[in-house]
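One letter stands for each residue in the lines below.
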Amino acid sequence: MTTRIVELRQGVLKKNDELARKLRERFNAAGVLVLNLVSSPGTGKTAFLERTLRELHQSGARVAALVGDLETDNDARRLAASGAPVRQINTHGICHLDAEMIDKHLDGWNLADLDYLFIENVGNLVCPSSYDLGERIRVALLSVTEGEDKPLKYPTLFNSADAAIITKIDIAEAVGFDRAAALQSIDQIRPGIRVFETSARSGAGMDTWFAYLKAQR
Amino acid sequence: MHELSLASSIVDAVTESLAPYPGARVKEVRLRVGALAAVEEESLQFCFGIATENTPLAGAALVIAIVPVGGHCPACAKDVEIASLRSFRCPVCGGPVENTSRGRELEIDSIEIEDKEETVQS
Chain E
609 MTTRIVELRQ GVLKKNDELA RKLRERFNAA GVLVLNLVSS PGTGKTAFLE
659 RTLRELHQSG ARVAALVGDL ETDNDARRLA ASGAPVRQIN THGICHLDAE
709 MIDKHLDGWN LADLDYLFIE NVGNLVCPSS YDLGERIRVA LLSVTEGEDK
759 PLKYPTLFNS ADAAIITKID IAEAVGFDRA AALQSIDQIR PGIRVFETSA
809 RSGAGMDTWF AYLKAQR
Chain F
12 MHELSLASSI VDAVTESLAP YPGARVKEVR LRVGALAAVE EESLQFCFGI
62 ATENTPLAGA ALVIAIVPVG GHCPACAKDV EIASLRSFRC PVCGGPVENT
112 SRGRELEIDS IEIEDKEETV QS
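Chains as they are written, first to last, in my numbering: chain E, 609 to 825; chain F, 12 to 133.
If you're looking for bench data, these hints aren't it; they were derived computationally from the structure.
Each hint should be verified, as a subset may be incorrect.
Below 16 Å or equal to it, Euclidean Cα-Cα: the simulated EDC-like pairs (lysine to aspartate or glutamate) are [as the list claims (entries may be wrong)]:
1. E:K623 / F:E118
2. E:K622 / F:E118
3. E:K622 / F:E116
4. E:K622 / F:E27
5. F:K38 / F:E116
6. E:K761 / E:D795
7. E:K761 / F:E118
8. E:K623 / E:D740
9. E:K630 / E:D740
10. E:K623 / F:D23
11. E:K623 / F:E27
12. E:K623 / E:E708
13. E:K622 / F:D23
14. F:K38 / E:E615
15. E:K622 / E:E708
16. E:K622 / E:D740
17. E:K623 / F:E116
18. E:K822 / E:D683
19. E:K630 / E:D757
20. F:K89 / F:E64
21. E:K622 / F:D120
If you want the footprint, here are the derived chain F segments under chain E, 3+ residues with CB under 8 Å [what the hints assert, rightly or not]:
22. 24 to 35
23. 53 to 65
24. 102 to 111
25. 117 to 127
Just so we're clear, the structure is a prediction, and the values are computed from it rather than from any experiment.
C-beta atoms are modelled at their ideal positions from N, C-alpha and C, and glycine is treated no differently.
Chain F extracted, bound-state conformation (with noise of 0.2 Å):
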């Protein structure tokens, strides 16, 4: 439900991004999705789709990566991966899992833009 509030997040944060590139086109925006994040990806892609409009991103294609759920278990004193979002147990000793962080992020991993060479600074 909060899609259309980070699809004109995302666009904020590639936009300001591009200063070193003045009149570049975004073609293609790489995010990284946690299983966790609460977002609807289809929902994600149809706000993405508005909020891009009249920016340096429209026309734009939104790929998601989907990050699986990982935490710790403390009595396996190492970081497990969570196979099911119904039972957040460590799968090797059934023991609870703490510190479940990796599987919510909501990461811009990268942009792919399309530039003329000569406005290019490094």
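With the rest of the complex left out, here is chain E (with noise of 0.2 Å):
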């Protein structure tokens, strides 16, 4: 018998990485702006998107999502509802979304006729950063019901972020909602990111939300 070391040098998730490197060369190639929503259970993740769905929809755009549960379809059918093409993902336990996921459920879509694709990752701040699905932006929520805390709670996913969403911001005063608190966290994790102040039930926010996506395509 002998001992001897190998050297590997390989990423534990290079699977995923190679695969999300290649949905990102389909989605640049066929012109598609493709974000990734993540945020805890509860945040409004789904009633943003129906929102951001129906207006974009309504104004034209054309947009599809991608959305991730561990079970049933409830979020599919309530985003459907905007008139937009919706996927549901049901990971069966899975707590997060993962590149091939994402790519066995694009099967019959014409990239190319979409201008907006978004994926509603699984409620869940932790796992879900490890993965790449291939987007171009990520975006972090943060309902202002959650403590104004979460992303020094939370570092590793409001780091990756690209953008930053305060959601429910029409209940901030009755839940007393320290904004000046939640603004500094989240510089302190990820310094001069965009952050979009929303409420999907009011429309507040929602405009510069949207002059923001029309500028990143």
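Got two chains here, each in a separate frame; can you build the complex from them with the hints?
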């Protein structure tokens, strides 16, 4: 018997990263802007996306969405009411979406016919940060009911985000939301990031969000 | 929470790398994990024990080296290390640090194996 050391220097998520790179090339070639929306459960990703899809669809933009949950197609049915094509991804216990799930669920869609593709990740602020889905923009969402220091508690996710969205600002006053503290904790973890303060219910802040989306295309 | 998926990926990658060493047993797996990689060490150790059962990695030790977080400070025009995960600002000038790519590693560095010498191929 011989004992030997074998050098591997291989990424544990190599397969996911390689597939995500291919997806990104496909998305770029098709000219579709892909966004990955990540937050805790209950932040209001679905409500935010509902309004985003509806308004973009009505304005004539070509939008579609993939939505991840452990079980049920409730969110896909909610989002489909916007008129945009929507597909549900059920992960059956897995706490995040990965590149392979995205790849499989794109079958039959002509990406060149789309302007925007939104991916709503599984509600989780830890695991989705490790899995590249080939998106161009990763969006971290935080609601006014969650605690202003959440970015400090989950630096991995917030530091990897390209944009941050504060949701439910219509009830900010009722829940005693400390806006300055929230903005400061976001800035500590991801200095200089674009922050949007929105309400899917009242529509506040959505215009700025749409202007940003348009400028990214 | 995704440590079991990670442990399974490690087992798959290591098992594939054993192709040139038939019958080899893995004694140790050395992993480099970034401080920002969202990996809980204790949980990964636990899952590694489960994922390696009935594989050539059964009983192997998982040795984890933590990689500190670093990025680029455009103001200082150099790479800097971040002292605390509570503030992603340059320790020298206080400006924002960009491209925090160091500290997200999740990499199998090397493995220690025990094999029968006659089966070794170079």
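Going down the list of hints, with the structure as the test:
1. E:K623 / F:E118: 12 Å, holds
2. E:K622 / F:E118: 9 Å, holds
3. E:K622 / F:E116: 11 Å, holds
4. E:K622 / F:E27: 13 Å, holds
5. F:K38 / F:E116: Measuring from Cα to Cα gives roughly 23 Å; hence the hint is violated.
6. E:K761 / E:D795: OK: E:K761 and E:D795 at ~13 Å, within 16 Å.
7. E:K761 / F:E118: Roughly 24 Å separates the two Cα atoms, so the pair is violated.
8. E:K623 / E:D740: With a Cα-Cα distance of about 11 Å, the restraint between E:K623 and E:D740 holds, given a limit of 16 Å.
9. E:K630 / E:D740: Measuring from Cα to Cα gives roughly 11 Å; hence the hint holds.
10. E:K623 / F:D23: 11 Å, holds
11. E:K623 / F:E27: At roughly 13 Å apart (the allowed maximum being 16 Å), F:E27 and E:K623 satisfy the hint.
12. E:K623 / E:E708: Roughly 9 Å between the alpha carbons, so the hint for E:K623 and E:E708 holds.
13. E:K622 / F:D23: Roughly 11 Å separates the two Cα atoms, so the pair holds.
14. F:K38 / E:E615: Holds. F:K38 to E:E615 sits at ~14 Å (cutoff 16 Å).
15. E:K622 / E:E708: 12 Å, holds
16. E:K622 / E:D740: Within the cut-off at roughly 11 Å; holds.
17. E:K623 / F:E116: 15 Å, holds
18. E:K822 / E:D683: Roughly 25 Å between the alpha carbons, so the hint for E:K822 and E:D683 is violated.
19. E:K630 / E:D757: With Cα atoms ~36 Å apart, E:K630 and E:D757 exceed 16 Å; violated.
20. F:K89 / F:E64: With Cα atoms ~45 Å apart, F:K89 and F:E64 exceed 16 Å; violated.
21. E:K622 / F:D120: 13 Å, holds
22. 24 to 35: Coverage by chain E holds here, the residue count being 4 at a Cβ distance below 8 Å.
23. 53 to 65: violated (count 0)
24. 102 to 111: holds (count 4)
25. 117 to 127: Answer holds; 11 residues pass the 8 Å Cβ test.
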